[in-house]
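In the order they appear, the protein sequences are chains A and B. full-length UniProt numbering applies: residue 1 is where the first sequence begins, and numbers increase by one. full-length UniProt numbering applies: residue 1 is where the second sequence begins, and numbers increase by one.
Treat the hints with caution; some may be incorrect.
Here are the computed distance ranges between Cβ atoms for each label pair [claimed, not checked]: (1) A:ASN47 - B:TYR511: 37 to 43 Å; (2) A:ASN47 - B:ARG368: 49 to 55 Å; (3) A:ASN47 - B:LEU311: 22 to 28 Å; (4) B:GLY38 - A:ARG167: 49 to 55 Å; (5) B:ASP55 - A:GLU182: 33 to 39 Å; (6) B:ILE21 - A:ARG167: 51 to 57 Å.
Distance condition first, Cα-Cα at most 25 Å in a straight line; then the derived BS3-like pairs of lysine-lysine [said to hold, decoys possible]: (7) B:LYS458 - B:LYS63; (8) B:LYS198 - A:LYS185; (9) A:LYS84 - B:LYS332; (10) B:LYS227 - B:LYS316; (11) B:LYS227 - B:LYS359; (12) A:LYS77 - B:LYS313.
These are computed hints drawn from the structure, not numbers from a lab. In this text the structure is predicted, and so the values were computed from the model without any measurement. Note that beta-carbon positions come from the ideal geometry of N, C-alpha and C, so glycine has one too.
For reference, the chains in residue letters:
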Amino acid sequence: MSTIDHFENKNTPLIDGKEEYTITVYAENRIGLLNRIAIIFSKRKINIESLNTSPSEIEGIHRFNIVIHEGYEVVRKLARQIEKQIEVLKVYFNTNDEIIWQELALYKVSTDEIAEKVTVERLLRQYGASAVVIRKDYTVFAVTGHKEETDALITALEPYELIEFVRSARVAIIKDSAGFHEKLKEFEAIEPGEELVENEFLEKGEKIFTM
Amino acid sequence: METAQETLQTIGAKAETSTKIFKGTGSQVLLNGLIEEGVHTVFGYPGGAIMPIYDALYDYADKLKHILVRHEQGGIHAAQGFARASGEVGVVFATSGPGATNLVTGLADAQIDSTPLVCITGQVFAHLLGTDAFQETDVINITTPVTKWNYQVTDANEIQEVLAKAFHIAKSGRPGPVLIDITKNAQLQIEEFPAYVKCNHIRSYRPKPKVRIEYIEEAAALINSAKKPFILFGQGVVLGKAEEEFKAFINKTGIPAAWTIMGEGAIPTAHPLNVGMLGMHGNYGPNVLTNEADVIIAIGMRFDDRVTGRLDKYAKQAKIIHLDIDPAEIDKNVKADVGVWGDCKETLPLLTNLANENKHEDWLAKFRDYNQQEIDQVITPELYPTGDEMTMGEVLRNINEICGGDAVIVTDVGQHQMVACRYAKFNNTRSNITSGGLGTMGFGLPAAIGAKYGAPDKTVIAIIGDGGFQMTPQELGTIMQFGAAVKILILNNRFLGMVRQWQQLFHDKRYSFVNITSPDFVALAKAYYIEADKVDERANLRKALETMINHEGSYLLEIMVGRENNVFPMVPQGCSVSEIRLK
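Bound-form chain B, shown alone (with noise of 0.2 Å):
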């Protein structure tokens, strides 16, 4: 077979007087389409149904970076940690059965954090559909309620335009995984096929409205005349590239402003109006004051149920004005008195137009109050410990030191995932990579691998508990074999933290199954070629982290902290914001 490069050159001398045609396989064509997409890093796993993908592939290796991960779940979560560090679209390549499977949860994960990505998988020839044929699955149907569009592809002709809708779909309105299942003769069939075109339009899919500016004025009137207004905001500010016009919005209008774990780092940690997190083991003030403030303004966030406890106690005081680019987050589960449909990278500009300059100083001295409330009760003794135990917030604490909130930080999820959002100091967007709606554990590893494709000037730092990271261990193979420079750090507390936690105060201590056991993680990294160290004291912490991060290559550090610490403040389920406990 000639190579795509071959054909590009015998055909290329011909086609710059007409139209470009480029002959070739449905493989090469997708290949090319995905390079006008800008896409230089994959990540994948060949199979039986993908081999005509991968056989074009081989003749790509200058133009497309394929990193070959460990599982397709690795590879899924490696780019939504790619998407998210660099706000490009993640793409993957599975192959049927077995392979696209794999990539459910991570296709769930992207869907409900809004996460951009364009999965490739094949399929069995198309005269094999529905025969139960060798890795045959129904990937289209299994994806459907995971996927913000999916399309089953039998003939190369079609691959171009469902290619360009695909990257259009997942990146524009409220972005999304797009999944295209491509049956392994579309990948063979050999075609003439027209210059690629990238798509703007799909008559049925409007991925933002043109704004209206009577909503624009009806919020400025409530934020004008509001005493006590409340920011709540979330990824859609990220997601809307909207970061700057957000900081102009509240410097003007001096509104305290909290995060949801998607939003965290949107604005520095440091910024004055920065009032801290939301919801369950968000912040004292801005969870109390929540059920204060006469005018909460919502921007880009979902009043997921993390972030809201008990709806029907959940902020009835006050007007909401709900800016959101997803007609069907409005009124869905908290009711808007303004609902402003639109992108924030365009009505935040017109808002700031209409609000008021103003400095709400006695209302931000509550915030102050409450804060150092927690302070005092939870976060000194979370962050300087005065036991012979280590505790999560200490190892972060000396992150920011070492760090100065210039890493990306990964989480996993539980425990350690709660204490990283809550004490990590960030001086830049897109530094925060978690998985928030999902809660997937072993998430923490790969995404961590992508963010390093994503951003790899940043320092990228993944943090992981011991139970998260026996999820998704396999993927310490990537590392060694792609030299992805991932800080791993293992905060053991030889528990499953977050279950062992509510057990402990909601089922009577009855600690059920989450008392887990650990290898030897650092003769596993070791295993890997990978360097790896273990403190067990504090006298030894400090200097680990540094030699960590001050490594050049991929480093993991375990470090053993308290068995029985909990996460506080803690909104108890079915408990109203303002019934947060600090222990």
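Just chain A, same shape as in the assembly (with noise of 0.2 Å):
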């Protein structure tokens, strides 16, 4: 419900210009790469909401995604910053309706408790959570999903006890990406193609792929 809630958000005017962006960072994978990056938004002082490094559909490039809650502005000069950086192939950053993402969230509660005052059916059904361990002493539960969703989980779960929860960073898949792998050969080559200088100025791209 709350995610609907946010599409919605997406066309009333936003509160300091301001909204969720995700930025997905193709890169070499080097030590120290993780530092320069996040010095970029230190500098400005900038909060990292989301904080993800993985590797991508290709054998030795990595994928960051990254979440931060700012002005397109100040998005789009970071992302320019950060595919300054030597070892960075490529950056891009979109907004929530641009992408497909989910975080994973973990829920530990006492079996009695969740046993006795809850039906397990229901939760999971509910939540679409699925229990990860069940214990004497703990049950795990997992959800695949948005804050809001695996928020909600917490709220319901708090009258019996939570002991622990954790979610992790943000995933995020593009939309309109058609993958890498024709692009990196366009990286690879010495003299690549006028394609791969994306057209950054003119905004005649309606893509988020305009080679």
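With the hints in hand, could you dock these two chains into one complex?
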């Protein structure tokens, strides 16, 4: 429900002109690069809401997903600064309606409590949760979804002694992305085609991948 | 241990038929790599963690000139001066720990002023990393925000590739400083190395794009329709080695061009379309007319706050064309109507081709009108003062008259810097060397030493204030030992003048800790066996300057100037460029 609210918010004026942006960084997997990227944010006193690093679809190319709450202009400048780093191949930044994303949350609750006071079955169904571990002393549930959804289960479990909670960083896929393989070939070429140079200033490109 | 030459000789015979194999230490292969990259001068200071490299250097004295500085900060500023004067990459050696941390100011300066440097720091043995070993410091993380790239080498087999990458990164695209941290074990490690291969491609790094002609066409259309076009150029023209292309562009289009202090000298001061300096202490016309121009063409400059003044009142009426090699600069501070991403060595000729031949006589006349007002109210009193006190401006006028604009002028930071940039005459590019973006006091003396090695045939004059000189005076020792014929001019107003000026104008003349005393500079220079003199009256000024400039070796001249002179014009902080004050 809250997810829907969020999408509705997109069409109403933004508070301070800020909204959630997911920055996707394709980069070489190199020690120290995370720091080099992180200081671009901290230098400007911008908080990173969520950060995930993972392999990408291409071997050897790493992918960062960084979520921040900022205005378009700020995000655009940040993206340019990140892309400027030597080991970074490409940076995209998207609003929530341009991506598919998930976060994973784990909940540890007392098995006694949960067995006595709620039906596990109802929880599983209502929140799309799955029981990862069921022991005599505790049970661990897992939910995959948006922050609003995983937050809702916290609220639901609060009366039943939530022992431990953890949520992963956001992982996101860009809806319009056609994959990075073709682009990488261009990067590897010493004389790249014109397409490598995305049209950043004329803003003619509609798709995320203008090449 | 075998010396490198011996190793080369013994291996060389075998190597002729197959791929060249060099057997030696990581240190030797590093020095070989530097020579392959065309390096002939290195500034540095030894220490524990870099001793193997210095040991190897012992055998390379005929190929690599090493200048022993007196402090690593002096070393890196010297390398900056060298790079700025020569257009080559400056190279610095320093040891781990304090040696490396002493480089940080210079790295920050080189980063913000886009100066190509390769810094080599020693590091503790790899197995000691993270143990808080003697002189261990996390130099990679300390220098990450102030380097274009950095890398820690822990295995000698990485050295050649990393060094080749370092040079490619430092000098290509928008240049900048690179730091390589090499652990001591890698310096000592003996291996068989392949032949050195220069780097010209890194897949994740695009130093410059293929120029898109549609941007050029849009820019040309704007320029051709402009009634009051105005060019703002920065160091990009110099870094791109595009001075001739730039001249061709302005000569054809007839557009007045003003410079940022980093761009000064890209075209001669006397060029008829050179209308002067931009920014806080720039010239009257260029600042006022920024807010009258209909098309502004910014070339290799980054709209620094000292150039733009108050941004929301900056050139709002103008269409902006921004040529830059760094896409992060386009739309950063000032929104461009047309952003031309590319190397100006390539984009300028394309633009010149499409631009119409033109003359903007009426528009240029406006610049001349403002210039005349500035001459009457500011420049003439500064260059030809009638009072008893000497002015910094008249010192510069005398230097211009003696050197004719052919000297390399290196400045420190403060009032003298603004006066020097405003009034020094330049015939040649790479002649104005100053700490622009970072404003590093203490830059002047060491940078001038480096500049002399970078431009040995030129007269190099370091113009420094009494405050800034006291930040790096130890480099007199470097001059003493290696004989760089630097002319040191101390303009002594017995104040930290620029701060004093602000305290006078904006803090009710509450002079808080700007009253700085100085040692006997002449005696100090003489203690270092450097000829020196002091002038405190106008009658002796010209002759003293001539003596200094004609002197064979290095020379220090202290000139006592008026205590409370201010630099004008001035765009007060928080004001628009068109609110520039003449007094």
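Hint check for ARG368 of chain B and ASN47 of chain A - Cβ pair distance inside 49 to 55 Å: Check passed, 52 Å falls within 49 to 55 Å.
Straight-line alpha-carbon gap LYS198 of chain B to LYS185 of chain A, limit 25 Å: 22 Å, holds
Take the C-alpha atoms of LYS77 of chain A and LYS313 of chain B, compute the straight-line distance between them, and say whether it is at most 25 Å. 21 Å, holds
Is the gap between the beta carbons of GLY38 of chain B and ARG167 of chain A within 49 to 55 Å? Since the Cβ atoms of GLY38 of chain B and ARG167 of chain A sit about 54 Å apart, the hinted range of 49 to 55 Å holds.
Hint check: LYS227 of chain B vs LYS359 of chain B, CA-CA at most 25 Å. Holds or violated? 10 Å, holds
Does the Cβ-Cβ separation between ASN47 of chain A and LEU311 of chain B fall within 22 to 28 Å? 25 Å, holds
Mind checking the hinted window 33 to 39 Å against the Cβ distance between ASP55 of chain B and GLU182 of chain A? Once the Cβ atoms are compared, 50 Å apart, the range 33 to 39 Å for GLU182 of chain A and ASP55 of chain B is violated.
Within 25 Å, alpha carbon to alpha carbon, are LYS227 of chain B and LYS316 of chain B? 16 Å, holds
Does LYS332 of chain B lie within 25 Å of LYS84 of chain A when you go C-alpha to C-alpha? The hint holds at about 13 Å.
Using the C-beta atoms of ASN47 of chain A and TYR511 of chain B, is the stated range 37 to 43 Å upheld? For TYR511 of chain B against ASN47 of chain A, whose Cβ atoms are near 41 Å apart, the range 37 to 43 Å holds.
Is the hinted range of 51 to 57 Å satisfied by the C-beta distance from ILE21 of chain B to ARG167 of chain A? 55 Å, holds
Next pair to validate is LYS458 of chain B with LYS63 of chain B; report whether the Cα-Cα distance is within 25 Å. 23 Å, holds
The structure shown violates just one earlier hint, number 5.
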